[in-house]
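Residue numbers (my numbering), protein chains in the order written: chain C, 1 to 366; chain W, 1 to 366.
What you were told as hints is all true, and nothing was included just to trick you.
Note: identical chains are not told apart, hence a pair may lie in one copy or across any two.
Distance condition first, Cα-Cα at most 25 Å in a straight line; then the derived DSS-like pairs of lysine-lysine:
id	residue 1	residue 2
1	Lys152	Lys170
2	Lys51	Lys105
3	Lys152	Lys137
Don't read these hints as lab results, they were simulated from the structure.
2 protein chains.
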Amino acid sequence: MKYFAVVLVFVASASFAQTTPLIIEDFKPSSLNQPQQEYPQVNSQGYARFKILAPAADSVRVSLGLGGRGGTKLKKGEDGFWTGTTAGPLDEGFHYYNLKIDGGKFNDPGAMNFYGSVRWESGIEIPAHDQDFYALKDVPHGKVEQILFPSKSTNTSRRAFVYTPPGYEKSKQKYPVLYLQHGWGEDETAWSNQGRANLIMDNLIAEGKIKPFLIVMTYGMTNEIKFGGLRDFKVDAFQTVLVDELIPYIDSNFRTISDQAHRAMAGLSMGGMETKMITLNKPEVFSHYGLLSGGTYKPEDIKDKSKVKLIFLSCGSKERPDGVKSAVEELKAAGFMAVSYISEGTAHEFQTWRRSLYQLAPLLFK
Amino acid sequence: MKYFAVVLVFVASASFAQTTPLIIEDFKPSSLNQPQQEYPQVNSQGYARFKILAPAADSVRVSLGLGGRGGTKLKKGEDGFWTGTTAGPLDEGFHYYNLKIDGGKFNDPGAMNFYGSVRWESGIEIPAHDQDFYALKDVPHGKVEQILFPSKSTNTSRRAFVYTPPGYEKSKQKYPVLYLQHGWGEDETAWSNQGRANLIMDNLIAEGKIKPFLIVMTYGMTNEIKFGGLRDFKVDAFQTVLVDELIPYIDSNFRTISDQAHRAMAGLSMGGMETKMITLNKPEVFSHYGLLSGGTYKPEDIKDKSKVKLIFLSCGSKERPDGVKSAVEELKAAGFMAVSYISEGTAHEFQTWRRSLYQLAPLLFK
Numbered sequence: 001m002k003y004f005a006v007v008l009v010f011v012a013s014a015s016f017a018q019t020t021p022l023i024i025e026d027f028k029p030s031s032l033n034q035p036q037q038e039y040p041q042v043n044s045q046g047y048a049r050f051k052i053l054a055p056a057a058d059s060v061r062v063s064l065g066l067g068g069r070g071g072t073k074l075k076k077g078e079d080g081f082w083t084g085t086t087a088g089p090l091d092e093g094f095h096y097y098n099l100k101i102d103g104g105k106f107n108d109p110g111a112m113n114f115y116g117s118v119r120w121e122s123g124i125e126i127p128a129h130d131q132d133f134y135a136l137k138d139v140p141h142g143k144v145e146q147i148l149f150p151s152k153s154t155n156t157s158r159r160a161f162v163y164t165p166p167g168y169e170k171s172k173q174k175y176p177v178l179y180l181q182h183g184w185g186e187d188e189t190a191w192s193n194q195g196r197a198n199l200i201m202d203n204l205i206a207e208g209k210i211k212p213f214l215i216v217m218t219y220g221m222t223n224e225i226k227f228g229g230l231r232d233f234k235v236d237a238f239q240t241v242l243v244d245e246l247i248p249y250i251d252s253n254f255r256t257i258s259d260q261a262h263r264a265m266a267g268l269s270m271g272g273m274e275t276k277m278i279t280l281n282k283p284e285v286f287s288h289y290g291l292l293s294g295g296t297y298k299p300e301d302i303k304d305k306s307k308v309k310l311i312f313l314s315c316g317s318k319e320r321p322d323g324v325k326s327a328v329e330e331l332k333a334a335g336f337m338a339v340s341y342i343s344e345g346t347a348h349e350f351q352t353w354r355r356s357l358y359q360l361a362p363l364l365f366k
Numbered sequence: 001m002k003y004f005a006v007v008l009v010f011v012a013s014a015s016f017a018q019t020t021p022l023i024i025e026d027f028k029p030s031s032l033n034q035p036q037q038e039y040p041q042v043n044s045q046g047y048a049r050f051k052i053l054a055p056a057a058d059s060v061r062v063s064l065g066l067g068g069r070g071g072t073k074l075k076k077g078e079d080g081f082w083t084g085t086t087a088g089p090l091d092e093g094f095h096y097y098n099l100k101i102d103g104g105k106f107n108d109p110g111a112m113n114f115y116g117s118v119r120w121e122s123g124i125e126i127p128a129h130d131q132d133f134y135a136l137k138d139v140p141h142g143k144v145e146q147i148l149f150p151s152k153s154t155n156t157s158r159r160a161f162v163y164t165p166p167g168y169e170k171s172k173q174k175y176p177v178l179y180l181q182h183g184w185g186e187d188e189t190a191w192s193n194q195g196r197a198n199l200i201m202d203n204l205i206a207e208g209k210i211k212p213f214l215i216v217m218t219y220g221m222t223n224e225i226k227f228g229g230l231r232d233f234k235v236d237a238f239q240t241v242l243v244d245e246l247i248p249y250i251d252s253n254f255r256t257i258s259d260q261a262h263r264a265m266a267g268l269s270m271g272g273m274e275t276k277m278i279t280l281n282k283p284e285v286f287s288h289y290g291l292l293s294g295g296t297y298k299p300e301d302i303k304d305k306s307k308v309k310l311i312f313l314s315c316g317s318k319e320r321p322d323g324v325k326s327a328v329e330e331l332k333a334a335g336f337m338a339v340s341y342i343s344e345g346t347a348h349e350f351q352t353w354r355r356s357l358y359q360l361a362p363l364l365f366k
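Please model the entire structure based on the sequences and the hints provided.
Following this line, the structure appears as structure tokens:
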């Protein structure tokens, strides 16, 4: 359970420049800014620059970007704006962050918000060399459908999002389904907002690289949202919602191929832990398993090898790539169809998981 | 065009108590708080109480709740938390707000965010005596589907949300469509987030009060998002997106009855202005018109009376109810099917529009 520790730390990853860095002055507004907002900005090297209006504040700090444990300290100008640039370039992709203003935690009014760390955080996007695979392109687009499904076990209507591929509405085809879980402190919005799962699928489908399937994303912290509560995490409550309530609802309200062979589960970080627990508890329900920065399976974890069609394990190169690779070698040696993927130059963050989904999708339901 | 002025002012409505009020200490967290957040709170009288951590701040103020032009001033306690209660009860329903901290504008970290005033604002919900009609109940739920539709005129894929009623997926029925617009500074998320359009529809359908139809919600500030820009507002760019791009996309990707008789347009505030302009420009496209706090039609505005099946005009009792009522009388006298609705005790805010949708829906497509 070593990988949990990583989840509980806010990861502000950056490469620290040894000498005074030459910062290229080609900063542009982050693609995740609110409409008309000029800041935060990002340059071609991956530095981020912040600008916050708070004329009477004593201190403003951004949780991102090294410069010591506290992130990036901003300096006040005569115009009342606090500005500052990260001490080094940030990793490619999406980062959560927040502001510390006079001792309180607030969001950057320039940035859009994304749910992580059990709060709506500010988000910033560092352009990536491979961002094309999750870009919004002029291709046919699937839908992200918000559903409210009845849950007797929790006595409420619960929310899920369902990705349906382009043409789903008009076709008569039935589709396999991937149940895809977010990480600790996130919710069912994460995979389509910061993860761009729908655009990754749209692009893969447009290029003919995958057979279309549905993705179902729901809230996985059914019984446990307190900070640090993972130590006592029990998967039962969520497993009941997922397996006994959501899956039957999806199978009766969408055109699915509703058998084990055409049902996959994957998750990132804590969602990987849930995926591992639930797939091992319910081998008759899922045939394809994916843990994204979410641990590993050992061959002896799995009772009936014939039921497992694929095990996909991934993480960022800044996490524990050796653990993932050696686990996959062990699984292969034991006769499993197992695949590892290491995301180069990324840590326990969404760029690792966007890339992991891009690698996983073509392997599913073959 | 008098009603525009109202849009451009942040409306913090409250009834001011003349004497020192007796505040009942039954405060509970607002239903729109982020998970696990105890503040903001609301009591049974409609007072709101705020609590913000900012130990080193010099001043914290909430934009809501009278107490002078600046809203509610909070006071710092020894624990570093700033607290305060509105000077009077707020109107029932949803309110946008923000915090002014040491001269900068930020959101309340306890509350969820809602897009209004061209920014993601904090939101608070004052329980209403009639909140049952937009409550999340144990009834069959429709879906809110996010679509990305191609728009040549703006050279991008644009987002819209489509409400489909319960059972849409499995039925073979075709449905009428209401195109429903947000107000100035809001976007396509407003009607389902703060407006609860999907829950209003689910509940009306469950009670057998309406014939189900689709609702399509897209972004209406295509060419104009600058503050104050309404003076020069031209509807052409949005009309092209709506009529020439979105409607054909909806009609070819959803099971719609794609004729004028089964197509309605309505909008709140600026969305009402757009509705008026576009329905008058395109009488062959829409047959049912709704302006919610969004102005009025005069009989002479309409060239071909036979094309108009319904005109619905509404506003809050704290707006200009007389204007709405007299406009409807004039329209009726001229032989139009016209209906007015006044929301009691509400102003230019979402409770007026939730109620207006609830009143409008049963009148559509009869």
